[in-house]
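Undergrad: All chains, full assembly: derive it from the sequences and hints.
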Amino acid sequence: MTLTLHRSRAGRWGGVVLGLGVTSVSLSSGFIWAYQGRAVPVFAAAFFAWAGYLFAHYATTGQFVDAGDADDSPLDVDDPSADADDSPVDASGILPDSAWHTAGIVGGALVLIAGMVVGVVYIRAENHLLTNVGGVLFLGGYVVAHYADTGTLL
Amino acid sequence: MDAREAGSLAVGSLLVTAGSGLAGLAAFDDRVWLVTLGFLGFFVGYRVCQFGAHADGATAGFRRSVRGLASPEGLRRAGLLGLGLFGIAYGVTLFSQTIVAPGLGRAALSGVSSIGGYAVAHVGMNGNLI
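Line by line, the protein sequences are chains A and B. Per this note's numbering: the first sequence = residues 103 to 256. Per this note's numbering: the second sequence = residues 7 to 136.
For the record, the hints were derived by calculation from the structure and aren't laboratory data. Every residue gets a Cβ at the ideal spot worked out from N, C-alpha and C, and that includes glycine. Among the hints, erroneous ones may be present.
Claimed, not checked - Across the chosen pairs, the derived CB separations fall in these ranges: (1) B/12 x A/200: 32 to 42 Å; (2) A/228 x B/40: 39 to 49 Å; (3) B/77 x A/229: 25 to 35 Å; (4) A/227 x B/66: 44 to 54 Å; (5) A/205 x B/17: 19 to 29 Å; (6) A/231 x B/69: 30 to 40 Å; (7) B/89 x A/106: 39 to 49 Å.
TA: Right, dumping it as structure tokens:
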């Protein structure tokens, strides 16, 4: 893989915006198609939503997914608190260690919920364009909360 | 990216796509256990993607997961993951049903359940909230 987006600030942000943009468009239309009971387009949308996320993750970290290494291994109990080494969380590796980080997580979650509420209105109206307002709020809230908890965008 | 990493990304992505597509469709049919199965497919697919990115190789990544699971702490984590998965599935099903028939209480419960479920599942998977 020769993509080097993650090596520059502009590349990271551009890649995240482009990748999550594809995810938002796919999620928004995917939910509307699921509401309409149209199976084939739903699976196509699910694929592009995931592909957009992978691209955005690659742009910001240099990897398509976080590697299951010792410092980030799901269900790996060798060193469960290793995530705390370079992220703003307390020694348990679970809760944030400052009010600012907590505010970021709570604020991000509230924006994400606002995105779900907006989504309900426009999915119901079967409006593909405006459902993206909900999609952007949902994904933007996730990025804010993720940054507050881990120090990385995705 | 080598062939092994590309292979695990392709297989994992197929599972993620199948799982999330199934979850989306079943949610509007109000079939919460099918939605849970869909999200299980998503999580397994995500994990398969991770195996290929593992620094020690996909096999080592898989072995670490099995070793981690076969311990009291691993089982506790797996329990949290299962609980969180159901919370997400229940929340997403309620979200979809809120689209079909809007209701403030149902909307609020769907948000709490899906976000709470995500946090519990993520603690089970990775040991941190998000």
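Undergrad: Is it true that the C-beta distance of residue 77 of chain B to residue 229 of chain A lies inside 25 to 35 Å, as the hint says?
TA: Taking Cβ atoms as reference, residue 77 of chain B and residue 229 of chain A lie about 50 Å apart, which means the hint is violated.
Undergrad: CB of residue 205 of chain A to CB of residue 17 of chain B, is that within 19 to 29 Å?
TA: 40 Å, violated
Undergrad: Does 39 to 49 Å hold as the CB distance between residue 228 of chain A and residue 40 of chain B, or does it fail?
TA: Violated, at about 24 Å.
Undergrad: Does the Cβ distance between residue 12 of chain B and residue 200 of chain A fall inside 32 to 42 Å?
TA: 40 Å, holds
Undergrad: Lying within 30 to 40 Å: is that true of the beta-carbon distance residue 231 of chain A to residue 69 of chain B?
TA: 47 Å, violated
Undergrad: Do the beta carbons of residue 227 of chain A and residue 66 of chain B sit within 44 to 54 Å of each other?
TA: 50 Å, holds
Undergrad: If you check the beta carbons of residue 89 of chain B and residue 106 of chain A, does the distance land in 39 to 49 Å?
TA: 40 Å, holds
Checked against the numbered hints listed earlier, the structure breaks hints 2, 3, 5, 6; every other hint is satisfied.
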